[in-house]
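J.: My request is simple: use the sequences and hints to build the entire structure.
Protein chains in written order, with my numbering: chain Y, 7 to 176; chain A, 105 to 280.
Don't read these hints as lab results, they were simulated from the structure.
Honestly, I wouldn't trust all of these hints.
In silico SDA-like links for lysine to any residue, alpha-carbon gap of 25 Å or less [as the list claims (entries may be wrong)]: (1) A:Lys117 <-> A:Pro228; (2) Y:Lys51 <-> A:Glu246; (3) Y:Lys51 <-> A:Val247; (4) A:Lys113 <-> A:Tyr229; (5) A:Lys107 <-> Y:Thr137.
If you want the building blocks of each chain, they are given just below.
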Amino acid sequence: MKYIGNFKEWIKQEWIDELLMSKGMARFKEGPQPDSPIMQEQWDKAVKAGYNLETEYFYMFDKNNVSFEINPPWCKDKNFHWWITKMLPGNCMPIHTDPHTVYESNSQRYWVPLQDYQNGHWFVYNDVVITDYTAGDVYQYDDSRDPHGAINVGITPRLVLQVSTHERMD
Amino acid sequence: MMKYIGNFKSWVKPDWVQELIENEGIASPRDLWKREGIHEEDLVTDNKGYSIHDVTQYVFKEADVSFRNELTQTLPHISQGKGEVNWWFTKYLPGQYLPVHRDLGGQIGIDNSKIKRYWMPFTPYEVGHIYLYENSIIAPYEVGDLFEMPDPSAQHAAANLGVGVRIILNIGVDLI
Numbered sequence: 007m008k009y010i011g012n013f014k015e016w017i018k019q020e021w022i023d024e025l026l027m028s029k030g031m032a033r034f035k036e037g038p039q040p041d042s043p044i045m046q047e048q049w050d051k052a053v054k055a056g057y058n059l060e061t062e063y064f065y066m067f068d069k070n071n072v073s074f075e076i077n078p079p080w081c082k083d084k085n086f087h088w089w090i091t092k093m094l095p096g097n098c099m100p101i102h103t104d105p106h107t108v109y110e111s112n113s114q115r116y117w118v119p120l121q122d123y124q125n126g127h128w129f130v131y132n133d134v135v136i137t138d139y140t141a142g143d144v145y146q147y148d149d150s151r152d153p154h155g156a157i158n159v160g161i162t163p164r165l166v167l168q169v170s171t172h173e174r175m176d
Numbered sequence: 105m106m107k108y109i110g111n112f113k114s115w116v117k118p119d120w121v122q123e124l125i126e127n128e129g130i131a132s133p134r135d136l137w138k139r140e141g142i143h144e145e146d147l148v149t150d151n152k153g154y155s156i157h158d159v160t161q162y163v164f165k166e167a168d169v170s171f172r173n174e175l176t177q178t179l180p181h182i183s184q185g186k187g188e189v190n191w192w193f194t195k196y197l198p199g200q201y202l203p204v205h206r207d208l209g210g211q212i213g214i215d216n217s218k219i220k221r222y223w224m225p226f227t228p229y230e231v232g233h234i235y236l237y238e239n240s241i242i243a244p245y246e247v248g249d250l251f252e253m254p255d256p257s258a259q260h261a262a263a264n265l266g267v268g269v270r271i272i273l274n275i276g277v278d279l280i
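T.: Following this line, the structure appears as C-alpha cells:
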C-alpha cells in the first residue's frame, strides 16, 4: 500500500463520538444481497467456507445513516464515495475484493483509520497486516482490486473510513 | 520477531492433518475451561466484549488425538531430554480467532524464562491466515515451518479470515 499522508486534523471528534454511540448497519445480516456476478461469486465462496452471512460481522455507516458529511481533502475534483466500518472486539470482514472496483473505471481505493492503532486492530492487505498507524493516515491500495480483510482481536471498537474514487461515467 | 528454526514438512503426516480436520476438537473457550476443571465463578471475566461461552477456535490436547505417541516421540528439533514437552493443536475455521493476549505464565506461578514455545503450521498458508507476535506477522509460510517465540510472555493473537481451515501445532517445553 502507498502511504499518501496524514490528515488527522481533518477528522472531527464528534464523528468518532457519533459512530461509537450509533449501531450502524449490521453486515452482512442487514446489508444488500449480491447484485453482481463478482459479489455473488465471493458470497458463495464465503458461505461454502462456513461464514454465516445471516449474522453480524461488523457495522457500516455511510451518508444515509450519519449526520455529518465526508469530503476527503485528498480527493478534490474526484468522483468519490465512502463508507465507515465499525468492528467491535471479535468482529471481522473476510478476505475479499470490493465488487465495485471491478466495474468502475480507474477505481482507486483508500484506507483511513479514524483512531490511532490499538493492539488487535488489524487490516489485512495481501500478505501484510497494517499495524502501528496513526489516526488520519491515508493509504492507497496498489491495485484497488487487491484482496483485503480486517478483524478486531483487541479490546476496543475499531473505526475505519474507506474511500473509493473513480472516473465519471457520462 | 519469531525465530525461524527450519522446515519439517516431511514430518507432518497427511493422516494427522486429516484427523484434525475431520474431528471437531474442544470448542474454545466455551468448553475448554470446563474441561480444565475451572469453575465459571473463578474465571476472570474482564473480557471487554468477548464471552467465555463463545467458540472462537478448536483445541486438541495430546489426549484428543490418535497419534499422540508417534508425534511426541518424533518431534523435530525439540530436545527430549531438556525438559517436559507438551503440545496442543489449535484449529481455526474461517472467521475464527484468538484475541490478543499474553500466555498466563507468570500469573499462575510459572517462570517464563524457563519455558520455550514453538509454533508450526499444519495447513498451507492463504491470505487471511494470520499469526501476529508482538507487531510482526508470519506470512507467508509453509506447512512444517517451525518458529520459536523469543519471549513466551509476549503478546500474540491469531485469526482466520480466509476460506480454508487453519491448523497450528503449538509446543511448550518446561525447561528443567
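J.: Run every hint past the structure and note whether it holds.
T.: Hint check results:
A hinted pair counts as satisfied when its Cα atoms are at most 25 Å apart, and lysine 117 (chain A) with proline 228 (chain A) qualifies at roughly 13 Å. A threshold of 25 Å between alpha carbons decides the hint, and for lysine 51 (chain Y) with glutamate 246 (chain A) the separation of about 24 Å falls inside it, so the pair holds. For a cut-off of 25 Å, the pair hint linking lysine 51 (chain Y) to valine 247 (chain A) stands: about 23 Å separates their Cα positions. Simply put, lysine 113 (chain A) and tyrosine 229 (chain A) have alpha-carbon atoms about 13 Å apart, close enough for the 25 Å limit, and the pair holds.
Simply put, lysine 107 (chain A) and threonine 137 (chain Y) have alpha-carbon atoms about 20 Å apart, close enough for the 25 Å limit, and the pair holds.
Every hint from the earlier list agrees with this structure, and none is contradicted.
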